[in-house]
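Protein sequences, first through last, are from chains A and B.
Going by the numbering used here, the residue at position 124 of the first sequence is 124; the numbering climbs one at a time, nothing skipped.
Going by the numbering used here, the residue at position 178 of the second sequence is 178; the numbering climbs one at a time, nothing skipped.
One thing to keep in mind: the hints can contain errors.
Stretch-level coverage of chain B by chain A, calculated; a stretch enters the list once three of its residues show a Cβ under 8 Å from a Cβ in chain A [claimed, not checked]:
#1 140-150
#2 252-259
#3 267-275
#4 289-301
Hints in this document: simulated from the structure, not taken from any laboratory.
All residues carry an ideal CB built from backbone N, CA and C; glycine is no exception.
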Amino acid sequence: MRMLARNPSVVIGAAIVAFLALVGLFAPLLGTIDPSEINPVYRNKKPGVERMIRGDDGKETVFVHRFGTDSLGRDIYSRVVYGARVSLAIGVMVAALSVAVGLTIGLIAGYIRWLDGFIMRIMDGLMAIPAILLAMGVVSLSRAGLVAVVIAIVIPDIPRVVRLVRAIVLSIREEPYVEAAITVGTPTPTLLVRHVLPNTVAPLIVQGTFLCGSAILIEAILSFLGIGIPPETPTWGNIMAEGRSLFRIYPHNIFYPGVCLAFAVLAINMLGDGLRDTLDPRFAKRV
Amino acid sequence: MLAYVLRRLAATIPVMLIVAVLVFLMLRLTPSDPAAIIAGDNANSEQVAEIRKRLGLDQPILTQFVIWIGKTLQGDLGESFFFKKQVSDLILDRLEPTLSLAVFTIILAVLIAVPLGVIAAYRHGGWLDRIVMGFSVLGFSVPVFVIGYLLIYVFAIQLNWLPVQGYQRISLGIGGWLQRLILPSLTLSVVLIALIARITRTSVLEVMNEDYIRTARAKGQTERKVLIRHALANAAVPIVTVIGLGVAALIGGVVVTESVYTIPGLGRLTVDAVLARDYPTIQAVILLFSFAYVLINLAVDMTYTLFDPRIRY
Chain A
1 MRMLARNPSV
11 VIGAAIVAFL
21 ALVGLFAPLL
31 GTIDPSEINP
41 VYRNKKPGVE
51 RMIRGDDGKE
61 TVFVHRFGTD
71 SLGRDIYSRV
81 VYGARVSLAI
91 GVMVAALSVA
101 VGLTIGLIAG
111 YIRWLDGFIM
121 RIMDGLMAIP
131 AILLAMGVVS
141 LSRAGLVAVV
151 IAIVIPDIPR
161 VVRLVRAIVL
171 SIREEPYVEA
181 AITVGTPTPT
191 LLVRHVLPNT
201 VAPLIVQGTF
211 LCGSAILIEA
221 ILSFLGIGIP
231 PETPTWGNIM
241 AEGRSLFRIY
251 PHNIFYPGVC
261 LAFAVLAINM
271 LGDGLRDTLD
281 PRFAKRV
Chain B
1 MLAYVLRRLA
11 ATIPVMLIVA
21 VLVFLMLRLT
31 PSDPAAIIAG
41 DNANSEQVAE
51 IRKRLGLDQP
61 ILTQFVIWIG
71 KTLQGDLGES
81 FFFKKQVSDL
91 ILDRLEPTLS
101 LAVFTIILAV
111 LIAVPLGVIA
121 AYRHGGWLDR
131 IVMGFSVLGF
141 SVPVFVIGYL
151 LIYVFAIQLN
161 WLPVQGYQRI
171 SLGIGGWLQR
181 LILPSLTLSV
191 VLIALIARIT
201 RTSVLEVMNE
211 DYIRTARAKG
221 QTERKVLIRH
231 ALANAAVPIV
241 TVIGLGVAAL
251 IGGVVVTESV
261 YTIPGLGRLT
271 VDAVLARDYP
281 TIQAVILLFS
291 FAYVLINLAV
301 DMTYTLFDPR
311 IRY
């Protein structure tokens, strides 16, 4: 832990991620209005435009569209803030799911010899399909929605986790303490949980962090292409997709969510780099 | 050498077959009935059944797979639901823009990234090294379309140097073709530059401590020649490998870049096909891109012997 706190990229990365997570969590308290509220009078306004809002008690307050509005009159600042919620949630969900599924399959492949060849050939096949195309193919199978998008991003990630876990299992199996455990008659499930699993934790934390970053990117790409999360949900990709057609006149639609997206992914990647250097020094030396 | 090439080529067949099975199963897993989609909303059940029979959808799944593989190998990829054309014609029609973009991008990326990586390694720890490393982390994090719109905003809208969007066939003149290719290629190359520059730096850095570098310097070789003839030449294999792996990122990037710059290529075709749930086209494009990716990496493996005569097949 102390080593982590001393690594600058871990500290900076974690700070930015924590900040964005807090922004997403407390989105309603950050001076936002309903991110899906359509206002035909205030369409395509430049950042800084003011508007009167009548509250429930009849009092009028001035609301500033800090980042302007989109072509439906929705407040971009509110959408970007709420977008942090969706984007980060997808990143975390994808990372957790890929690691969980990949870990299970990887343990099976690494431990049950006769299944190994079969599983790894399928993984090779999945790896040969470029990730975004595979995700697009999976999305096309069902109606666009949060679940479909998460599954679509998880599937190309699974073989990467499986390979990592399997490689670890294969090397651990040769260790003297595992041989000793087998000799004294430890049942296989206990062996996996007691001796093999702990060795996968550090590399999987690192891998999961990178997967989280790339998941946020792929979600944004899918939504941007119009095949991701339904357009009324505020995600950074959707805000940019909406701003595409009017980009020449109103670049702010793409600018603000783009900057947030880049910052978030950059922070997560920095965190991943730092974690790798401290938690997994063998790997750090190799790359 | 030839025997080795053939053996390696044969070794890719199982992978490609698995890709084919996965892609085929994907289509069969769809909740919707392709025959009903083709028949349209006004068809009665006899018409749908007739189409199902024509497509062979009434056969057992294994028979369907064998028929499908056989047709695919003959270049018959079926008819697009959405475009109402042969998928193979569609793909041929869209090939030129995508190939132009991809080739141009790789050339651009290598020309920029390799010198950057070498200089960063040479000035290890200096400000240039830090800039290159910082840029490479940034390059992985900024999405392709944000870079694309940024470049459009600066070079096409503000400075008015280059056209905003669109594509011009090479047969209509090299000038216009090149002019419209510069921004998309630059956009797409950012990720590749980040990837290649980072690996170049690492592998040159590793080589720089070798004895033969010291020997080359001791015999009075100029620094430039030491770097290019001795350091870079020995660091070439990992660099070439990463270029091959970068093709996956390139293919993903092509899909996005073509949408940003409205280039009528295979990437745009993929997006349109997914939007229209046009499964024969989706299948064909995924298959094509995956095979291209596998074969390019095989070709990359083959070039090792060019860069490193110690590797013989």
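Original post:
According to a criterion of three or more residues whose C-beta lies within less than 8 Å of a C-beta of chain A, is the region 289-301 of chain B covered?
Top reply: Result for this restraint: holds, n = 4.
Original post:
Counting residues of the region 140-150 of chain B with a beta carbon closer than 8 Å to any beta carbon of chain A, are there 3 or more?
Top reply: Coverage by chain A holds for the region 140-150 of chain B (9 residues, Cβ < 8 Å).
Original post:
In terms of beta carbon proximity below 8 Å, does the region 267-275 of chain B have 3 or more residues touching chain A?
Top reply: holds (count 5)
Subject >> Three-residue Cβ test at 8 Å for the coverage of the region 252-259 of chain B by chain A >> reply: Three-residue rule met by the region 252-259 of chain B, so holds; n is 4.
The structure meets every hint from the earlier list without exception.
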